[in-house]
Amino acid sequence: MIAYLECFVHENDTESRPDDDVSSLSMALDLQGSIHDCEGPTDEASRDFGGMNSLSPLAFIRPSSAEDVARVVKAAVRFSNLTVAARGNGHSINGQAMADRGLVLDMRSLDDHFRVVRANNGSVYADVSGGALWEDVLKRCVFEYRMAPRSWTDYLSLTVGGTLSNAGVSGQAFRYGPQTSNVTELQVVTGKGEIFNCSETENSELFFGALGGLGQFGIITRARVLLQPAPDMVRWIRLVYTEFEDFTRDAELLVTRQDEDDSFDYVEGFAFVNSDNPADGRPSVPLDRDQFFDPTHLPRTAGSMLYCLELARHYRNTDDPSIVDMGVNRLLGGLGFVERLKFQVDLSYLDFLLRVKRAEEHAKANGIWDAPHPWLNLFVSKSDIADFDRTVIKKILKDGIGGPMLVYPLLRSKWDMRTSVSLPESEIFYIVALLRFTPPYPKGPSFENLVAQNKEIIQYCTKKGFDFKLYLPHYRSQDDWKRHFGNDRWSRFVERKTCFDPMAILAPGQKIFPRVSQP
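For the sequence shown, numbering that gives the first Met the number 0 gives the first residue as 0, with consecutive numbering after it.
Hint data in this document are derived by calculation from the structure and do not stem from the laboratory.
Hints may contain errors.
[Said to hold, decoys possible] Under the rule of at most 30 Å between Cα atoms (straight-line distance), these lysine-lysine pairs were calculated in the DSSO-like manner:
#1 Lys394 - Lys138
#2 Lys73 - Lys138
#3 Lys454 - Lys363
#4 Lys397 - Lys454
#5 Lys363 - Lys462
#6 Lys413 - Lys381
#7 Lys394 - Lys454
#8 Lys393 - Lys454
#9 Lys381 - Lys463
#10 Lys397 - Lys462
#11 Lys341 - Lys356
#12 Lys481 - Lys381
#13 Lys363 - Lys413
#14 Lys381 - Lys363
#15 Lys413 - Lys462
#16 Lys191 - Lys138
#17 Lys341 - Lys381
#18 Lys356 - Lys413
#19 Lys341 - Lys394
[To be verified] If you anchor each label on the Cβ, the simulated ranges turn out as follows:
#20 Glu426 - Ser79: 40 to 48 Å
#21 Asp245 - Asn276: 17 to 25 Å
#22 Gly366 - Glu447: 18 to 26 Å
#23 Pro277 - Gly326: 41 to 49 Å
Ideal Cβ positions, reconstructed from N, Cα and C, are used throughout, including at glycine.
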């Protein structure tokens, strides 16, 4: 096997890639899946959703099982410079799932392992492949079992293993925590090529390390996800605010209400420009094409930036509409939004969770889906969010970003700090997601300028001493990674790396650890 692999690597060192090299590699690895050559920067494995990086691997491998993944990793162990990256649906922003002249695994090709498990205590779980898309998990759970996972991301065309390697956050996280807090078991292939089942009580260091571990300790090939009964319908609501203080007060009030009967089932929010720009201005707020944002309803004191609280309440088809209305109105009572700027629609639970899919179709039709996406995601402490609004949102971003500017609170107590995720210290902190869409033609700032603006924001937060962390972090130096995790958590991160991937084979695109040569 090694002779075959050596031939393949050396041929690629001289930039020669005949078809028989791929065939030789396939024979050497003896995979149930398949291996494909990579033909430059336009190849799928050479790019990602961010569209700002391009690195060509030696090969794009489509494994069919955890055993296939393990064979690939074990083969890479025998070389001093070969690395392995697990690629889900390609939605990284900064090349995190790339492997320059390494081996990229297409995790979507893993065999389907979907099954629903009922525990003795009455809890219900779904065993799913690490390469399964969350939208497919949703449909199977709802259609076949009338169940659903409790915690989601906004966009569901992401793989299970991909989001669990980061955190997985959406409007349900205030109650249930991120997706990493809603799994009870994983199957993981380590950087040694070993396959482990792990949980809170079995191989727990690997379990908690892999959750939010940025792919550094192992590749998630299977997960057991906690389920709950799926509702039939959703009342989806957007409320407009002119003052950030009122917006955050109400958002924090709602996320700290933990009684399901006394709270909404989903709480998010975003900032938008007080303009008629359809991308990030007033027209982006209404939920239906028949709805209209009438700016005359805004008070004269309204500034250039406005805010929207986004809520959802679940219900059954059998619920009396008047009871649903009464319950929603009770929850809205006392909130300080602009009274005549409330928008709402009723839609199925499935349609609500797949709402971003429609935005994806619209973006593809407009040609902006495949353009660069210099996104920036941060967690900012409650104590610093007002200052962040005054300088970053109202000044640096005053002209908008060409896409959503998410801002909403989360609760630290809903996160398991035994995982690898790094968070601000305060109980209430905000996720700030600047989801930029750059036009594919000469209009507006270049993505390089937007990346520079992202750096300006990070530098401002650092200079002011804000309690903040990058979510979906991307740094270029190990010193920056040390600052990101802090001394204690960094030490634990390094210990886990030494234990589970001592040669730093996995996830080279994160640029945390350099590849270690054979002794």
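- Item | Hint consistency between Lys341 and Lys394 [alpha-carbon to alpha-carbon, up to 30 Å] | 27 Å, holds
- Message: Run the distance test for Lys454 versus Lys363: straight-line Cα separation, threshold 30 Å.
- Response: 28 Å, holds
- For the pair supplied as a hint, Lys191 and Lys138, confirm whether the alpha-carbon distance does not exceed 30 Å. 35 Å, violated
- Could you check the hint for me, namely that Glu426 and Ser79 are 40 to 48 Å apart, CB to CB? Distance hint for Glu426, Ser79 holds at roughly 46 Å.
- Message: For Lys381 and Lys463, compute the direct alpha-carbon distance and say whether it is at most 30 Å.
- Response: Cα-Cα ~14 Å, so holds.
- Task: Please work out if Lys341 and Lys356 have their alpha carbons no farther apart than 30 Å.
- Result: Judged against 30 Å, a Cα distance of about 24 Å means the pair holds.
- If you draw a straight line from the CA of Lys413 to the CA of Lys462, is it 30 Å or shorter? The hint holds at about 29 Å.
- Query: Pro277 and Gly326, beta-carbon distance inside 41 to 49 Å?
  - Reply: Check failed, 33 Å falls outside 41 to 49 Å.
- Message: With the threshold set at 30 Å, check whether the alpha-carbon distance from Lys413 to Lys381 stays at or below it.
- Response: With Cα atoms ~16 Å apart, Lys413 and Lys381 stay inside 30 Å; holds.
- If you check the beta carbons of Asp245 and Asn276, does the distance land in 17 to 25 Å? At roughly 23 Å between Cβ atoms, Asn276 and Asp245 fall inside 17 to 25 Å, so the hint holds.
- Task: Would you mind confirming whether the straight-line C-alpha gap from Lys363 to Lys413 stays at or under 30 Å?
- Result: With Cα atoms ~35 Å apart, Lys363 and Lys413 exceed 30 Å; violated.
- Agreement of Lys394 and Lys138 with the hint, judged by alpha carbon distance not exceeding 30 Å: 42 Å, violated
Checked against the numbered hints above, the structure violates hints 1, 2, 5, 13, 14, 16, 23; every other hint is satisfied.
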